[in-house]
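Construct the complete structure from the given sequences, taking the supplied hints into account.
Here the sequence shown stands for residues -19 to -1, 1 to 122, numbered as in mature numbering (1 follows the signal peptide of the UniProt record, and there is no 0).
Treat the hints with care, since some could be wrong.
To be verified - Below are the DSSO-like pairs computed for lysine-lysine, each with C-alpha atoms no more than 27 Å apart in a straight line:
hint	residue 1	residue 2
1	70	44
2	32	44
3	18	32
4	70	32
Bear in mind the hints are in silico, worked out from the structure with no lab data behind them. None of the values given here were measured: they were computed from a predicted structure.
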Amino acid sequence: MRGVLKLVSLLVFASVSFAFENLKGPVVTCDWNAAHKQNIDFGECLQVLDKYRYEQGWIVDNKPENRKSCYGCQVVFETQDESNIVIPKDVARNAVRGILESCNGHAGATSITYRKGRNGYGSVVVAVRNGVGKQCDSGFW
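This is the structure:
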């Protein structure tokens, strides 16, 4: 009986810990309507991120929204307050990886809030979609 109680208490603790751990990370919304499409390759998404302009480790763009694609991956950044896109490169990379892991290699999106300068915070939606071309493009839309 004691062993059963110990097992039950461990399972409850593990479930609660798992739930709290999931609350710590960003929420990912998967586009299950795109699940019938080909899996999105993380390596191709890294090529997309390299198409954005960098300044000292930050992806910067003078628009509130931009999308670029390489082969089978399209990455979209959209600020929620219509300000210019400014997001740390490592945060963007981790967001893309998190989306693909959470959505089993398919399209999805997440909202990221990060420290922006000394006194402010920025918020940007990062979306990963199926790419539309056979090569890399660098344009808007």
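Tested hints:
{"no.": "1", "hint": "70 <-> 44", "verdict": "holds (17 Å)"}
{"no.": "2", "hint": "32 <-> 44", "verdict": "holds (15 Å)"}
{"no.": "3", "hint": "18 <-> 32", "verdict": "holds (24 Å)"}
{"no.": "4", "hint": "70 <-> 32", "verdict": "holds (12 Å)"}
Against the hints set out earlier in the document, no violation occurs for any number.
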